[in-house]
Amino acid sequence: MTNKINMVQAVNQALINEMELDDRVIVYGEDVGLEGGVFRATVDLQQKFGKERSFDTPLAESAIVGTAIGMAINGLKPVVELQFMGFSYPAFNQIISHVSRMRNRSRGRFTLPMVIRAPYGGGIRALEHHSESTEAIYAHIPGLKVVIPSTPYDAKGLLISAIRDPDPILFLEPKRIYRAFKQEIPAGDYELPIGKAKIVQEGEDITIVSWGAMVRDVQKAVEMVAKENIYPEVIDLRTISPMDRETIVESVKKTGRILIVQEAPKSFSVGSEIVSIVNEKAFLYLEAPPTKLAGFDTIFPLPRGEQYYIPSPERIAATIQEIVNY
Amino acid sequence: MTNKINMVQAVNQALINEMELDDRVIVYGEDVGLEGGVFRATVDLQQKFGKERSFDTPLAESAIVGTAIGMAINGLKPVVELQFMGFSYPAFNQIISHVSRMRNRSRGRFTLPMVIRAPYGGGIRALEHHSESTEAIYAHIPGLKVVIPSTPYDAKGLLISAIRDPDPILFLEPKRIYRAFKQEIPAGDYELPIGKAKIVQEGEDITIVSWGAMVRDVQKAVEMVAKENIYPEVIDLRTISPMDRETIVESVKKTGRILIVQEAPKSFSVGSEIVSIVNEKAFLYLEAPPTKLAGFDTIFPLPRGEQYYIPSPERIAATIQEIVNY
Amino acid sequence: MKFEDYNPLEEKVFKIMDKKGKIINTDDMPNFTNDQLLYLYRTMLLSRTMDEKQLSYQRQGRMLTYAPNIGQEATQIGSAYALEKEDWIVPSFRELGAWLIHGVPLKNIFLYWYGNEWGSHMPEDVKVLPVSVPISTQLQHATGIGMANNIKKENNVVLTYTGDGGTSGGEFHEALNFAGVFKAPTIFVIQNNQYAISVPRIEQTASKTLAQKAIAYGIPGIQVDGNDIFAMYVATKEAADRARRGEGPTLIEAITYRLAAHTTSDDPTKYREDAEVEEWKTRDPILRFKTYLENKGILTKEWDEKMKKEVENEITSTFEEIEGKADTKIEEIFMYHYETMPPILEEQLKEYKDFLEGGKNNDK
Amino acid sequence: MKFEDYNPLEEKVFKIMDKKGKIINTDDMPNFTNDQLLYLYRTMLLSRTMDEKQLSYQRQGRMLTYAPNIGQEATQIGSAYALEKEDWIVPSFRELGAWLIHGVPLKNIFLYWYGNEWGSHMPEDVKVLPVSVPISTQLQHATGIGMANNIKKENNVVLTYTGDGGTSGGEFHEALNFAGVFKAPTIFVIQNNQYAISVPRIEQTASKTLAQKAIAYGIPGIQVDGNDIFAMYVATKEAADRARRGEGPTLIEAITYRLAAHTTSDDPTKYREDAEVEEWKTRDPILRFKTYLENKGILTKEWDEKMKKEVENEITSTFEEIEGKADTKIEEIFMYHYETMPPILEEQLKEYKDFLEGGKNNDK
Ligand SMILES: Cc1ncc(C[n+]2csc(CCOP(=O)(O)OP(=O)(O)O)c2C)c(N)n1
Ligand SMILES: Cc1ncc(C[n+]2csc(CCOP(=O)(O)OP(=O)(O)O)c2C)c(N)n1
Ligand SMILES: [Mg+2]
Ligand SMILES: [Mg+2]
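Line order of the protein sequences matches chains E, S, R and F. This note's numbering numbers the first residue of the first sequence as 1 and each following residue consecutively. This note's numbering numbers the first residue of the second sequence as 327 and each following residue consecutively. This note's numbering numbers the first residue of the third sequence as 653 and each following residue consecutively. This note's numbering numbers the first residue of the fourth sequence as 1017 and each following residue consecutively.
These are computed hints drawn from the structure, not numbers from a lab. Bear in mind the structure is a predicted one, so any value in this text is a computation, not a measurement. Every residue gets a Cβ at the ideal spot worked out from N, C-alpha and C, and that includes glycine. Errors might be hidden in some of the hints.
[Unchecked claim] Here's a subset of chain S near chain E, in silico, CB distances under 10 Å, partners left out: (1) 375; (2) 379; (3) 430; (4) 467; (5) 550; (6) 592; (7) 596; (8) 609; (9) 624.
Construct the entire structure; sequences and hints are all you get.
The structure is reproduced here in structure tokens:
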């Protein structure tokens, strides 16, 4: 039987897989139960596993995360949904003050095997606060892992691994590609490693690091520059923090050039950290300035301006050429 | 008459100065009124200006910032205190979702001339959450300015400018040096530019960028390496965001080397952004890898471990030597 | 009316007109002129028609996501009409009726939902804040505006809205508590439309009424029939009078119903029964008010028809003004973050423009 | 006792013993054995003496910042004593009495205040969470633990604490609302010690009592004399029984007083009158309980003296165990962030150790 599915379905499959295997897995959040989530990522869970294991909550993100902390301490494995990353901030205090700290604070006595899922990123012509990419903010928090899939296959494998991980994970789902394409993926159980990047495409001329929805745009750009005989190596970060520096550094040692493509604002960003890493680890290999192609240092525009914001494949291609011709 | 004062007193003078000049300036927060602040930064304000202009609030940081938004829209200039940066997170949603966005959201119709003050940083042997340096998180927010003074003189001048600034400013005060030293500073009114770094000391051999309490430690390290005939140029960032890139880049073009010294965790940090900037603007001038000396990517330890965390002058000096000898 | 007579713990609901348009509480019936009554009716029509139009434009792919207010017109129009021009409105995102009453131009409203920030650029004399998407955060702004009024010794008041879902967030709590402590002249209206997207009111909180949450803040709280425009007006007016007298904030729970979907991305049949919707349709606030006006001989069929045409024309001509003409210019994205554009934004703008001019682009 | 008989809106306070140690409510008086009574008294002494010792160590520069509980012993010990070993305690930061009753070793408590994370490494069988500094955030963990109990069909309950100041934060609101909706078996005790640092209770909220905030969540709320150990025990026991019966959460406002400073960095004379403190000293919870025990002939002078020495010895010998011997090792800072140390932390640890070994350092 084939299992050709899109990313929301992959998320849903991962949840079902884990809920079947482990009855400590509990899934909740706003509109998560009866309705199955505003993006339908939690559809069928309540029907399959009952109201105790998949349910709706009052509209309060801090308590969604705060109660998950209590549940995790008390032996469950909560997987909570925040409706959009732009609404993760009411829970920010719980995340930075407790989620990321409980293990260290108690020297390992209390641990938090929990996952916070949130759709993130722009490009869906949405209202304000529905297009955020603030992964840099969360990546700066010691004790928190931040994971971002870029395909249905990755979404399923990484989410399964995240749920099984003994540590708390912020799992950000690029909503722009929730339904953008389908992939044939295993119907059963599989894990993908947290903390490891993936070389999506090998190449010689330049290293391109990206994650989430941008990976597809990078791949389109790579096709464009292939016509000019430029062969980039494309790395999908998969885990933002703690970052797989080795894969990046090894690649840059080979190519001598690096472009980071992100939709988040350019400054104080994940891209900045990557530039910093290659400086630290591969300085003498650099043949051109490590470069970020990113969103502007502005608020994500409302739909009539959003076409400017996210780097397009054309801009990516042009930037690749600039760097390669440096 | 002399005016030799420490940093808390300088903050207090700035507040008094502005409250005298402009009766729209309103100062409030937890324990800010009667008690004059847990660090005494707002002492005497209530006595001088009355309970309407300087007052205590209930224990609720979100509402402290959220009501300040309303006040600023309604013609006042609130200067609110969050007791410690570690307690700024309940207000995070208001800061990222509204403080930084109101002007752009309304295309300039509603603006927020307001200041959020918070003591920040470690090294005072405090309880958990009292030693945070998460300026990188706030710096990543478009529309918000982040300012950090490093001396009594700067604290007064920058705070006066911040209060007069038409835009919202997060003003972080390095509590480790609140009372560490006194400086003779003007008793009267003066401004220092927001958005401009300061060259604290000119030099040739390496550029050192720092801010807040670390600037003093850098200066101590610079004295140490002077014995080895190494002459760094020291830049005090003063404004973290939007950053004065020009001053940094010009300096690096001269010295060819850069060390960033911060007490915040190393990864995804302000230092990473500075490395990224010099790569972008001064790549060909770089003679050694731009380097960060920073706090660990860990939670700030409780007092019996805190001595390891903040880079000491000795470590700074050793790192300077390494880079210069690269 | 006196708030004390409507103790929410006794589940007493303040009403003036029943669902057949009959006045059942003559003591509290406000004294409106016919012109006022017709103005209110016309605004209700404008609001309803605007909702219907936007929904249909959206379906045609001419507009984006939209959050209709159908069914909540009396709650919003009744309450907002109790304000003076100098008073403030701090909306959530579903307050079309209130916007119209308080002077927000149709064009702004369209622009906003069309996806352009200029929609939130209110005219200078319109004291209405922009839409606030993060639920219940705006209540704190409303408290702050009220606190500033006290400090400045100004006498105007603030009217702010949230939903039943909006009562669960911490920001609601902090806003009302501050308002209580500082006696902010702020009126908090909960539009209890029975759902927060798919989550029914009963699962939002275990408290029997939402109005009783006022007790936590030591302020008056009252349940009002939100589909009764007179009751909403009178309760809000009384709250405004209290506020102006320095007696502080009030919490009003308006009991109403969202007759349409949460937004155009929502399918309410997933989470509620048709029968429930049908029942609430019999309590339609516009129908009820219309019956009242007709029975009183104030509204004639001709006037009604004429008005319907008039509001429809107003709406279609406003939409024509913006459709296809409201794309954002690249500069606008950068210009409004700070009073003065910092070098980094100038640089990013320039880079992007250079790229466009380099012709390497087909983004647009 | 029945919660319904103590409606906070009528400002009825649940009491059993008056401030002279006389039982004024015999109906509700719990049936303790003499051993139990003396155990409670001894724990009160231990708590008080520990506070005094730590304050004096702090003054001598041998300890760091400390938050004493003096005056609040009955609130904490009475409530925590109503739990079973299998129940959970989720503390704020000022719950010494509760920790002692629920089995937190003295050594942990000292280590914590000595500035070492191992203080929060509770023994495996002690179901007490670490100190939570960000005010009222811990209440949500308590709700979550309770929700998990329901899901797992376990019958133990959760007791959590916050202060009067802690009722103002949004997290309080969300925690209690969730608890109400999900019928979490969680008991929320507000230690109303009249101040949040310098801010008096009256400026914290306009609600007459803190207990009445329960009404916002549809759960029982009750005011209890927090300096009356019997009343605190009985009210908490009743709340725990309700919780075990599946009837959900309870809010208890314990009316008490912080007799000492907020912490060792605080000077309370700045914000409160001596006369007020003196008045509250006459209501000292230990004195009151002692008088009761003496009048009943349960406590003798000799036993009292002996106990005082015993607890003092326990304290000083525990402190000796750790003083000067509890510095953190550099590895410990890195080891507990994740189950497996990621490469970046290994690298940073190694770099630092290399630096230390390079001898260029005199950090330590
Ligand atoms: C903090 C936050 N969380 C989640 C959302 C997503 N969201 C938008 S509207 C809504 C439901 C709001 O319900 P209610 O307050 O009853 O208002 P109504 O939509 O019924 O008018 C939700 C969950 C949001 N906008 N803000
Ligand atoms: C979110 C947050 N804001 C501020 C502080 C600083 N702070 C520590 S204790 C305290 C007062 C707490 O008052 P209350 O809740 O009454 O507890 P008490 O200290 O009286 O036991 C404050 C403001 C904090 N710890 N957390
Ligand atoms: Mg609703
Ligand atoms: Mg208190």
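Hint-by-hint comparison with the structure:
no.	hint	in the structure
1	375	violated (31 Å)
2	379	violated (29 Å)
3	430	holds (5 Å)
4	467	holds (8 Å)
5	550	violated (24 Å)
6	592	holds (9 Å)
7	596	holds (7 Å)
8	609	holds (4 Å)
9	624	holds (5 Å)
In summary, the structure is inconsistent with hints 1, 2 and 5 from the numbered list given earlier, while agreeing with the others.
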